[in-house]
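Residues -18 to -1, 1 to 156 (mature numbering (1 follows the signal peptide of the UniProt record, and there is no 0)) are what the sequence shown spells out, left to right.
Do not take every clue at face value.
[Unchecked claim] Derived PhoX-like pairs: lysine-lysine, alpha-carbon spacing no greater than 20 Å straight-line:
#1 K59 to K13
#2 K138 to K149
#3 K84 to K65
#4 K13 to K84
#5 K135 to K20
#6 K71 to K13
#7 K59 to K35
#8 K71 to K16
#9 K120 to K148
#10 K16 to K39
#11 K138 to K39
#12 K21 to K84
#13 K20 to K71
#14 K21 to K136
#15 K81 to K65
#16 K120 to K84
#17 K148 to K138
#18 K21 to K135
#19 K21 to K59
#20 K59 to K20
#21 K59 to K81
These are calculated hints, taken from the structure and not from any lab test.
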Amino acid sequence: MNKAVLFLSILFFSIWNAQQIQWMTMSDALKAQKNQPKKIFMNVYASWCGVCKQMDKTVFTHPEVVQYINTHYYPVKFNGEGKENIHYKGRDFHASNQKNTKFHEFFLYLGLNGFPSTVFFDAQGNVLTAFTGAMETKELMPYLQFFSTDEYKKIKTAEDWEKYQKKLQLKTLK
């Protein structure tokens, strides 16, 4: 009886764990990149941000998003007002000790201006792009695919981006 309960518990945990994004810190992602280069997807949030929490419940639990991010990226969850110390490109970034801002130094370094924010890094840890605002699954997936497949290297104009998005929409409609 105890073995059956243990087995079911392990099975349930394994299934539950496989359906979640395997978030890590930025420091852990940068270390992992040294051993196995892979792009980084960073979700930047604040503990008080309702829209961030909504994305956690809807977008970041969607099976397609979970599978895609876990497969193609080192997923980083970063509190833009948090206490994590980050060593990036030879610099140390810390929690703000300024009275006029709560923003983490790395948040400011990335040029972010609100929550939630999304940042894509290449396999060498260089910032590809960063933007602020909530997204739904259908809005996030083109970006995930765009950066993971290096399509971003081919896009030179807004028209190229529109063509790329239409191509993706046709693939998902099939």
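Are the Cα positions of K138 and K149 separated by 20 Å at most?
holds (16 Å)
If you draw a straight line from the CA of K59 to the CA of K81, is it 20 Å or shorter?
Roughly 25 Å separates the two Cα atoms, so the pair is violated.
Quickly compare the C-alpha distance for K135 and K20 to 20 Å and report which way the hint goes.
holds (16 Å)
Has the given pair, K71 with K13, been kept, meaning a C-alpha gap of at most 20 Å?
holds (12 Å)
Against the 20 Å threshold, does the CA-CA distance of K21 and K84 hold or violate the hint?
Roughly 28 Å separates the two Cα atoms, so the pair is violated.
Does the structure keep K120 and K148 at a Cα separation of 20 Å or less?
OK: K120 and K148 at ~13 Å, within 20 Å.
Within a Cα-Cα threshold of 20 Å, do K59 and K13 meet the stated pairing?
holds (15 Å)
Does the alpha-carbon distance linking K20 and K71 stay inside the 20 Å limit?
holds (17 Å)
Does K65 sit within 20 Å of K81, going by the straight-line distance between their CA atoms?
holds (15 Å)
Run the distance test for K16 versus K39: straight-line Cα separation, threshold 20 Å.
violated (31 Å)
Verify the proposed pairing of K13 with K84, using a straight-line Cα cut of 20 Å.
Given pair K13, K84 is violated - Cα atoms ~27 Å apart, limit 20 Å.
Please work out if K120 and K84 have their alpha carbons no farther apart than 20 Å.
violated (32 Å)
The structure does not agree with the numbered hints 4, 10, 11, 12, 16 and 21 stated previously, though it agrees with the rest.
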